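Asker: Model the placement of chain B on the given structure of chain A, informed by the hints.
Chains as they are written, first to last, in our numbering: chain A, 1 to 373; chain B, 1 to 512.
This list has only true hints and no planted wrong ones.
Under the rule of at most 25 Å between Cα atoms (straight-line distance), these lysine-lysine pairs were calculated in the PhoX-like manner: (1) A:Lys-233 / B:Lys-388; (2) B:Lys-267 / A:Lys-150; (3) A:Lys-260 / B:Lys-330; (4) B:Lys-119 / B:Lys-187; (5) A:Lys-92 / A:Lys-16; (6) A:Lys-308 / A:Lys-236; (7) B:Lys-225 / B:Lys-240; (8) A:Lys-16 / B:Lys-215; (9) A:Lys-16 / B:Lys-73; (10) A:Lys-236 / A:Lys-150; (11) B:Lys-265 / A:Lys-150; (12) A:Lys-154 / B:Lys-330; (13) B:Lys-504 / B:Lys-137; (14) B:Lys-406 / A:Lys-92; (15) A:Lys-236 / B:Lys-380; (16) B:Lys-24 / A:Lys-16; (17) B:Lys-187 / B:Lys-209.
So the derived label-pair ranges between C-beta atoms look like this: (18) A:Ile-223 / B:Ile-55: 47 to 55 Å; (19) A:Lys-152 / B:Lys-119: 51 to 59 Å; (20) A:Thr-155 / B:Pro-398: 39 to 47 Å; (21) A:Phe-351 / B:Gly-129: 58 to 66 Å; (22) A:Thr-155 / B:Leu-260: 35 to 43 Å; (23) A:Gly-49 / B:Gly-17: 46 to 54 Å; (24) B:Gly-17 / A:Ile-43: 33 to 41 Å; (25) A:Ile-22 / B:Leu-112: 51 to 59 Å.
To give an idea of the chain A side of the interface with chain B (calculated C-beta under 10 Å), a few residues: (26) Lys-236; (27) Gly-238; (28) Glu-240.
Derived by calculation from the structure, the hints in this document are not laboratory data. None of these values were measured; they are calculated from a predicted model. The beta-carbon is built from N, C-alpha and C at its ideal position, and this holds for glycine as well.
The chain contents come next:
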Amino acid sequence: MNTKDQVKVPFVRIVKRDDISIRKSFLIYFVAIIASLVLCGIILFVLTGSSPGNVYMTIVRGAFGSQRKIWVTVRETTLLLGVALALTPAYKMKFWNIGGEGQILVGGIATAAVMIYCGNIMPTWLLFVSMIAASSLAGLIWGIIPAIFKAKWKTNETLFTLMLNYIAIQLTSFFTIFWESVKGSGSIGIINSKTKAGWLSTSFMSGIIGNYNFVLNVMIIFILSILMFIYLKYTKHGFELSVVGESENTAEYVGINVKKVIIRTMALSGALCGFIGFLIVSGSSHTISISTAANRGFTAIIVAWLAKFNPIFMFLISLLLIFMQQGASQIASDYNLNESANDVITGIILFFTLASGFFTNFRLIFGHSRKEE
Amino acid sequence: MEKTYAVEFKNISKYFGSVVANSKINMTQDRGEIRALLGENGSGKTTLMNMLSGIYFPDEGEIFVDGKPASIKSPSDAFNYGIGMIHQHFKLVDIFSAAENIILGNDNGKILHMKSVIKKLDSIVQRYGFDIDLKKKTYDMSVSEKQTVEIIKALYRGSNILILDEPTAVLTPQETEKLFQVLRKMKEDNKSIIIITHKFHEVFAISDKVSVLRKGKYIDTVNTKDMDEMKLTEMMVGKKIELNINRPLPKNIRKRMELLNVSAKDKYGVTVLDDVSFDINSGEILGIAGIAGSGQKELLEAITGLQAIDENGVINYISDMGNAIRINGKTTMEIKQLGVSLAFVPEDRLGMGLVGNMGMADNMMLRSYQNGRTIFTDRKAPLMLAEKVKNDLEVVTPGISSEVRKLSGGNVQKVLVGREIADNPNVLLTAYAVRGLDINTSYLIYNLLTEQKQCGSAVVYVGEDLDVLIALCDRILVLCGGSISGILDAKNTTKEEVGLLMTKKRKEQKIS
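Next comes chain B alone, as it looks inside the complex:
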């Protein structure tokens, strides 16, 4: 008698056009096991999991659930097989409470017995030790609470196999630890858990086994306790890699920008920046940490003239001669015309930094199309720049005229960063510059930023991985709810210290 597994993939392949996303994957998972699924971006982790959760259907091969062949054509099929997936982007109705969101779309029976539902939910919450108020409305919830709702939703629908796609990307270290405790309880309950992650220390903290994918192919499954970071990286990348970020001591530090009492409101009148004052220095990298949506985006956009700030705030650019040039209240074009050399790598690469439907050359032209006096654009210079960026940063593209949206995330980012540093800017602002990038490209970006710092640029790095922030930056500014909760010396701080500052304000509010 063959052993039956909770899940078994047999020869699974999936193609998108000519792209092979998954190729003949054979993988098994036991009950009561936490599996980390590891692989670089584009290695096919999410595609594989999407086939298990009914979003895609395999082009070849079969999936077995509890030893029986399963035909999973839709997410509701997946639920019937006891498979639940927690996506990176939550699918909740804002004005519904936690309980309402959980039962949404569950069409068992005609009459809704809210009381018995709540009772059942309460027992789930008790059993796994969730920290949640079921009556709380979604719009009042933190990201971590929303994630909890998604997990309870999967459990409520009877999931025995739970897939989590990068669940910790949006959590603080403290929230991550809470999530892991819940996962361990589920494991005791004999549930199978698959967690997609990029962070090695989490792999070691939570998983029993690690499966590695590389370029759509299944590499191996190994016991976590036999592995270390170097070995896992080698499996993922296929070769040995240095995992050290070089941080040269800052030289010739000079004040480049100053922000004084900057406050801003979003279009709904909600305060997004609250009395923020700090300096940005040339020759160093200033890290900005904070939970997603703590004002990072607005802060960078305020500096670049995209976000209006309140009247009494001041944003000054200090020129090479030492003159303060006030740039708030000016448009992006006006700031440029003042001779302020500012580069900005925004979070939304294809939606803001680049035009997805244009080629590399046209995207280079975005910054330079105004040059020259005629009504015609100069197409030669951007073409040459595109060629240069392609060669210098090894951008993989069919050609500089093929649309950038068709490139992989890493290559898209190379195009954007390459353009922004092309003019040797005095100030370089970056938001989540390595989000979604593979290890190689991430280190390439770190090195580029460090190079800019050594050239005397004032670099701002908004990041989410605290390990990287601490290793790369010289100072770390922590934002919490739109205001600064601390500025730390990166060489003498710990993840825990940063993590505490990230949630400082929320805790204070709870007490008061």
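Isolated chain A, as found in the complex:
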């Protein structure tokens, strides 16, 4: 008897994967990235009318076309990676810190303040120690406020950290007026443009690294990556925060002081974000404005999660994003598109990489599946 055709079978079913080999998940990511590049190419081709080959060449030129461009690409990659590293302990603890933006900004404000008030009176080494301390402390404070509230009163950290971003932006606006170089200009301009006091790239390190000023950024972030990896994987603190992230009940059961861990971890995360603020202000922009953080606090969240907190993956994803963004701005200027092309490209890449995350966890089955007679 054959009644099979009477029984309707769902067209597609989503089934969770058991386990996926590293090679296979790599392959899925690789396909996703290629697909996103192809789609970017097609869209840019439609927009500009230029051949895809030209478009891709322009992208590469935009990212690596000159020494200056290489410097920008490396700097932006390291900064994005740095923020991702800073956010990692918080996210590993499942503390949804979307306040990275604000923590970077207050770190930047603190750096700028030290540069402005102490730049010409302190010896260089003291100036840098003060800038690093002030920026980290500012970020730390911005980070532990929501942590304390969460630990003590179980407030929702998502809203709290988000709101603190706006306060940080308002503070920045205030200080840009407060410190404005020319009355009424509404901007600070380049800080210490004559003396270059507190400029990371041209101060005490310049003798060692010469013109290759990105080496310093690379070194700092590289060391930070290694330290973060060790902290998370091999220290008692790292173990505690991952237990808290997995299950607060289990953490309490084994006697971990959950409140303390939440506050401590956010102090670290916030301080590192503040430190990145220092790197931005002292290392590249030499000024402060509301666009200093440049959305890195948000983009870095995706970088950290996509990489599953693995520093090497974080680096690759940061590089890919920055590479495409730099390429897109080049295309925008070459073909007279506006800056939004940048956002479109970033959006496409993120969409594909996020989708690949879905496919590494699930597979689709069409109709009656395997072992069908």
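Answerer: Positioned in the frame of chain A, the structure of chain B alone reads:
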């Protein structure tokens, strides 16, 4: 003409990834029959029933209802075929009354005629002899009443095939008997009933036939009256098993802990422990019986420092030298630092005792990560312990680094118990240590607890199966509504006596 069955499974298979949950199952059921579905955990009983009730869709094979092929893609499809399932976890809205919960989601017609609904419900209640107040709010109901609501809901929607997934796990013996009476009436009404259970005496009390599954495969269906416990166990496990719990006489009994006037409130200010006083002795197993939620969890958590107790209560640990160390008001870490060796196997294994996303080694480290003076964790000792637990307790796992949430329930419990007894604790607290475990693992756990008792540990066993409590423990403390309703000598008590004490307070309240 072929005989038509109420339900017929033909070559049903279901896969989860590489796991074969059901493999080519052929099974039939008549109308007016009560069928017990028996099998160890992971044998695929619930998966099979979930396919009948529309939660999963079979990967292969077909289901026939009343002789016609049925395509059951969702629970609402299942209702249309007259199939209703009572799950272990009830799906009721707390602030709704019984009647409101029953009609919830029933979208026949635009206007709700509550009066005619109540009338129809009343006739169902009368017909099958349910004991329920339809206007009672869910939050006021006992577990047994909630279950009744679920059953009436299925009947109201016209179910002719009723599936009950371990319905008696949460009931007292008295409530179970009431449920069985209802089921017998339904059977007279020509309904098909499938009941998933672990308890043999219930199989014999209620079912006409028994179907046995083992490791996803269908073994056989037999007439209940031709079977006995040994035969059924053999069918389930595939080999003969001794079903005796060894209870050596306690030796060197010594007071290890004392609780005096312990009361506690939950976070909403509701009293969960009410003036509880008793001793825990080393060298014996103290059983704790009670309906789910009678304060068992809070009692164990109070002892381990996780639940705050009222000021005038005292929890003392008696050291080997005979000194009383007061441990209430201290955190878990502080209690540990006082040198109190306390182990705790909590009810929620993956949510509290272990971290599901970590491997065995990291889970061993949960107890020892603080050891050593450096800021770094010692990863070697937990690795060795994980290896030892894996070998000693025969934990089936792809490797000690693979995540424990992927292990079966029995293996998860072996990991947890193995870790907790690793340091030879002086006090071992266990909550529902064998819940959801197969027969083999359950007996392994009983033996481990008895071993600990013989080593001089003070063992506390919070359990739900009264037969096991009576066979395993030396004394049984019965909790009812947060207070002690009796402490019994396990050798000289009966299930009925324990069952009565479990509901004592509720009855008293009804009278007054």
